[in-house]
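Please model the complete structure; the sequences and the hints are all you need to start from.
Number of protein chains: 2
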Amino acid sequence: MNYPSGIKKSTSGKKTTTIDSNLSHKNRGMTLEAELNDSNEYYREINQAFIYKKPTPIKIVKVDYPSRDKATIKEAYFTVPSTTDYNGLYKGKYIDFEAKETKSKTSFTLNNIHPHQINHLKNINEHGGIAFLIVRFTTLNETYLLFAKDFLDYIEDTNKKSIPIDYFREKAHLIKDGYRPRVDYLKIINDLLEVK
Amino acid sequence: MNYPSGIKKSTSGKKTTTIDSNLSHKNRGMTLEAELNDSNEYYREINQAFIYKKPTPIKIVKVDYPSRDKATIKEAYFTVPSTTDYNGLYKGKYIDFEAKETKSKTSFTLNNIHPHQINHLKNINEHGGIAFLIVRFTTLNETYLLFAKDFLDYIEDTNKKSIPIDYFREKAHLIKDGYRPRVDYLKIINDLLEVK
Numbered sequence: 084m085n086y087p088s089g090i091k092k093s094t095s096g097k098k099t100t101t102i103d104s105n106l107s108h109k110n111r112g113m114t115l116e117a118e119l120n121d122s123n124e125y126y127r128e129i130n131q132a133f134i135y136k137k138p139t140p141i142k143i144v145k146v147d148y149p150s151r152d153k154a155t156i157k158e159a160y161f162t163v164p165s166t167t168d169y170n171g172l173y174k175g176k177y178i179d180f181e182a183k184e185t186k187s188k189t190s191f192t193l194n195n196i197h198p199h200q201i202n203h204l205k206n207i208n209e210h211g212g213i214a215f216l217i218v219r220f221t222t223l224n225e226t227y228l229l230f231a232k233d234f235l236d237y238i239e240d241t242n243k244k245s246i247p248i249d250y251f252r253e254k255a256h257l258i259k260d261g262y263r264p265r266v267d268y269l270k271i272i273n274d275l276l277e278v279k
Numbered sequence: 084m085n086y087p088s089g090i091k092k093s094t095s096g097k098k099t100t101t102i103d104s105n106l107s108h109k110n111r112g113m114t115l116e117a118e119l120n121d122s123n124e125y126y127r128e129i130n131q132a133f134i135y136k137k138p139t140p141i142k143i144v145k146v147d148y149p150s151r152d153k154a155t156i157k158e159a160y161f162t163v164p165s166t167t168d169y170n171g172l173y174k175g176k177y178i179d180f181e182a183k184e185t186k187s188k189t190s191f192t193l194n195n196i197h198p199h200q201i202n203h204l205k206n207i208n209e210h211g212g213i214a215f216l217i218v219r220f221t222t223l224n225e226t227y228l229l230f231a232k233d234f235l236d237y238i239e240d241t242n243k244k245s246i247p248i249d250y251f252r253e254k255a256h257l258i259k260d261g262y263r264p265r266v267d268y269l270k271i272i273n274d275l276l277e278v279k
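Protein sequence lines, in the order shown, are assigned to chains A and B.
With positions in the first sequence counted from 1, the corresponding number in our numbering is that position plus 83.
With positions in the second sequence counted from 1, the corresponding number in our numbering is that position plus 83.
Calculated directly from the structure, the hints in this document are not laboratory data.
Please note that the accuracy of each hint is not assured.
All copies of an identical chain are treated as equivalent in the list; a pair is satisfied when it fits inside any one copy or across any two copies.
The list that follows gives simulated cross-link-like pairs (lysine-lysine, DSS-like), each with its CA atoms no further than 25 Å apart [what the hints assert, rightly or not]:
(1) K188 - K243
(2) K205 - K174
(3) K270 - K259
(4) K153 - K186
Fair warning: this is a prediction, and the values are worked out from it, not measured in the lab.
Now the structure itself:
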C-alpha cells in the first residue's frame with residue numbers, strides 16, 4: 084500500500100533536519116496523520132463535518148523580531164499534549180479522538196497514550212461527546228476505531244501495558260481504506276448515531 | 084481592575100525576547116486569554132466543561148536533535164489559524180469560540196477576525212454547534228459574548244469594517260467579572276440551553 088500523502092522526516096545521520104510541515108517530534112503516526120488530515124479536509128469540502136487536528140503544542144522560549152510584523156521563533160520545545168489531537172463537530176455532536184500507528188502485529192502499547200489523554204477521553208465520554216481512538220496496525224494494514232468506552236473498559240482496574248490485536252478485532256470497528264476520504268471513520272460514527 | 088493571571092510580553096528595545104508561555108505573536112488579547120484559560124481550568128476542576136485553547140499554530144522549519152529523545156525547534160514561524168482558538172464540550176454540546184480584546188471605546192474592528200475564522204464560525208453554527216465571540220472592550224471594562232448568529236447577521240451582505248459597541252450592548256450578553264471563574268461565559272450558554 085502506498086501512502087501518497089504521508090510525510091517522512093529525514094533524520095539519518097544529521098543533527099539538524101529541515102521539515103516543511105507541522106510535524107510531531109516522533110515518527111510514529113505520521114502517515115495515518117496525513118491521511119486523517121486529508122479525510123478531514125474532504126469532510127469539510129462536502130460540508131459534512133468540521134474536525135481538525137490541533138496544532139502541535141510547543142513551549143516557546145525565544146522569539147526574534149527582525150521587523151515590526153515579523154516574528155521568528157528561535158528556540159522552542161515540543162510539550163506533552165493535555166488533550167487528544169483531533170476534535171470537532173459532526174451532526175451536532177462533539178467528536179474527539181487520538182490517532183496512533185503501531186508496527187506491532189500483536190498489540191497496541193498503552194504508553195502511546197499519555198495518562199491525561201486517557202483522562203480526557205474519559206471526561207469527553209462522560210459528558211456526552213463521542214470519544215475514540217483510531218489505531219493503525221501498519222504491518223497488518225488494519226485500522227480500527229475503538230470507542231473510548233471500550234478502551235476504558237479494557238484498561239480499567241488493571242495494570243495493563245497493552246491492548247492485544249484480538250481485542251481490537253472483537254470490540255473495535257475496522258475502517259476500510261478508501262480513496263476520498265482515505266480513512267472514512269465518520270461512517271462508523273454515523274452508524275452509531277443512526278442506531279441511537 | 085487587576086489581572087493577576089495576565090501574561091505580558093516584554094519587547095521594548097530588544098530584538099530577542101524570552102517568554103515563558105505559549106504566547107500569540109501579538110499583544111492583543113493576552114489578558115483575556117489568561118483569564119479564559121483560568122476559567123476553563125476551573126470548569127474542568129469542577130467537572131463542568133472541557134474546553135481548551137488550541138496551541139498556537141506554528142510552521143516548523145528547523146529542528147535540532149542533540150540527543151535521541153530531545154528535540155529543539157530552532158526555526159519556526161507563527162501561522163494564521165484555520166479555526167477559532169477555543170473549543171470543547173459542555174453538557175453534550177460542541178462549544179467553539181474566538182476571544183479578542185480591543186482598546187477602542189466605540190467599536191470592534193473586524194480585521195481582528197480572519198476570513199476563514201468567520202467561515203468556521205458559520206459552519207459550526209449551521210451544524211449544531213454553539214459558536215460565539217468573546218470580545219472585551221478593555222478601556223470600558225466590558226466583556227461580551229456575541230453569538231455567531233448575531234455576529235454573522237451584522238456582517239452579512241455589507242462591507243462592514245467594524246461592529247459598534249452599541250450593537251454589542253443591544254445584541255450581545257455582558258459577562259460579569261468574577262473570582263472563579265473570572266470570565267463565567269458558560270452561565271450565558273447555560274441560560275441559552277435552558278430556554279431551548
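query = So which of those numbered hints doesn't the model satisfy?
reply = none
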